[in-house]
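So the chains spell out like this:
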Amino acid sequence: MDSIVYMLRKTVKNAIIDTIRHPLRLILYSLLIISMIYALVVSFMPGGAPDSSFDERILSGAYQALLYFISIPILLKGLSTGTSFFGMSDVNNIFTAPISDKKILVYGVGRQLASMLLLVVTFGSYGGMAMKMFDITLSNAVLLIGGIMLMLVLVQIITLLIFCISSGHPGRAGFLKILIFAMPVSALGILAVHMFSKGMTLENLYSGITQGVLDYIPITGWMHGLVFGIIKGNTMNVIVFSLLLAVLVLIGIIVFSNARLDYYEDVIGRAESYYEWRDSMRSGKVRDSDWMGDKPIDIKKSGIKKGKGASSIFFKHLREGSRRSRFMFFNISSVVLICVALITGLVIQTAVSSIPSTVTYIAAVIICVYIQFFFSAAGDWVKELSKPYIFLIPDSAVKKLIMAGATSIIKPYIDGIVAFGILGIVCGGNIIDIITAMITYGSFGSVYISANILAQRIVGMDGNRGVFITFYMSFIVLLMIPGIIGGLYAVSVLGQFTYIAATIIGIPVIIWNIFISFMIFLMCKNLLNNIE
Amino acid sequence: MLNVSHLTKKYNRFIANDNLSFIVNDGEIAVLAGPNGAGKSTAIKCIAGLLRFEGEIEINGFNNKSVEAKQILGYIPEIPAPFELLTVWEHMEFIARAYRLADGWKERAEKLIKRMELDDKRNKLGKGLSKGMQQKISICCALLIEPKTVLFDEPFVGLDPHAIKELKAMLLEMREQGISIIISTHMLDSVEEFWDKVFIMMNGKIEAERTRSYVEKNGENLEELFFSITEKKESKT
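Quick note, the sequences are listed as chains A and B, same order. Under the working numbering, the first residue of the first sequence carries the number 356, and numbering increases by one thereafter. Under the working numbering, the first residue of the second sequence carries the number 246, and numbering increases by one thereafter.
Keep in mind the hints are simulated off the structure, nothing from the lab. Treat the hints with care, as some may be off.
Listed next, the stretches of chain A that the computed footprint assigns to chain B, with coverage defined by at least 3 CB atoms under 8 Å from CB atoms of chain B [what the hints assert, rightly or not]:
no.	stretch
1	675-688
2	734-745
Selected chain A positions facing chain B (Cβ under 10 Å, derived; list incomplete) [as the list claims (entries may be wrong)]:
no.	residue
3	P749
4	K880
5	N884
6	N885
Restraint-style ranges between C-beta atoms, simulated for each label pair [stated by the list, open to error]:
no.	chain 1	residue 1	chain 2	residue 2	range
7	B	M432	A	R681	45 to 51 Å
8	A	K532	B	R345	46 to 52 Å
9	A	D653	B	K255	43 to 49 Å
10	A	S541	B	V402	51 to 57 Å
All C-beta atoms, glycine included, are put in the ideal place defined by N, C-alpha and C.
With the hints as constraints, model all of the structure from the sequences given.
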């Protein structure tokens, strides 16, 4: 164990020294830490409370959703035989060292937990926000954050338990996977039954997310039941859920201490592919979704079929896309977008019944464009930059750049058509507004890609990722502003057409977004002149 | 013909390639030899047009960054980078389409994948292949375009004995066809049967240049020359 402690100590020390030796990185980290502390302090400062606070049931529902959001991915990772616990250096050096298997596993899980400290700090600022928005006391806000921290620790212990049970037993792993998925699915099922039986109103949604039965869903429900039991002074809930969680931890410890661990073989293969993926992610050259692990891929349909020169890159992306997802452009981000658009539309129309439909579309586009940011950080074209072929293909650099970005340009339009089409069917409204919302959303996709290209051009392919993200986000804002100003100016001039305000604002935004994106593609053609 | 003139590559203050100048004639196999970190791969990447550099590089009279040069340049990188979601055969099709190859590429592709023993893997995805097989795909992709100049960056690393034998045979055939070949390696024995010209690199510079005829005529030993340069320099630094 001494060797592990020594290694951890040296790793932390060297990381600090390395940061000090890179002034730009040091400045960025310092700014990040200062902004986080500032947000934390400001959010917890008294005063500035809103005139009317939000319904506390929203907090309960959001907290529950947050617990699922934190726990499910970690539990699933535990199933994939410790994929993220260990790096290649651990496999090569620690696995071969004379150290107990259990100590090594604890080290892996502990390291994983440490990497989540940032997440806790982030949630810390939300605690203050919760105080102001929901009018809760400081002690309750601290309790909410404490619950999240406890959940992170608990999930790691359960991960160990899952790992001990499933390692080397694919059948057990499959069964546990079903159990893990059953947790959020049963919560959604209970909510859906409630909504369908009582009616689709906002009030019923609030009462649905605070049903006591949800607290009996293992782990996340128990934790929610415990935290809100303390907040509401429900002693019975506090006792029941504390006991349930304590028993679970106890089982975890007993199983772990009695387990005969033989996980090295399981970990090695995964660690190798994870190492490659993480390496690519660090250099920003691959999308998260591109790491498909052992997912079987159907290659019944094969061949690129079309394209000559640069256009063959586009058709190659279509073939690759068909292998990533059966529905090609329609994937999990499309589903999230549809949900976000629908929830936004329904909440706005339920909350303010007299609100014009055009306002609903403006709000839905704004929120969906914000969500799009998280899905558009890297498209097919970014992945292409990690391989030499795009630089070697004998064709014009602009053509290559446009063709490499084509799938990323098209996808937001398809997402927009589907999401706002469904929103139009559910919420109604002017057809022109609906079509404009579709195109506006799609055009912002081009802005995101352009900002990414611009940031790649400035920072370089091998530049620091922190600097890259800073430039990328700044460019997004700078590129969006003129279009939005144009849209607001148009609506102020054409005041008599406010019933189609979404269209009036949307048209200048679309024109600007497409124009500036095309100009950036033209200006950044040299991006493909070299791999640096 | 490959003509490198005053090639300098800097990373901030670090000079990776320092004023390199050399020519590789048609039908000539040149070797860039040197220890790790000598600047061989950087030079190869500059010639392939992947890095920014100072100086001039011409491939058959065309600037190496021009479309004309790219059309006749084959590059086999040190680390293979196949497309994870394309099959072996689709790699061939993609290259044929991207380079606008004329009819007849399919026959060439068939021959190449057969020689590299990939014919039973033609429907395997890039991500499911071993490092050695990925290297073989890189070789097939580079040679499919019928290049006039080929750059090999440590080509024998990761290949099985059959593939090494086959690649050596291919190199000799390409030399017969008048193709200019440059191979970067730190393993001199892997190229000793067929090299025509060697550039020994150290700290980003070409410290010695020899032709096979010169070495044979003067009874020089290439390995001894290599170590006399690299070890002397290392002990100085």
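* Okay, which hints does this one fail, numbers in order? -> The structure breaks only hint 4.
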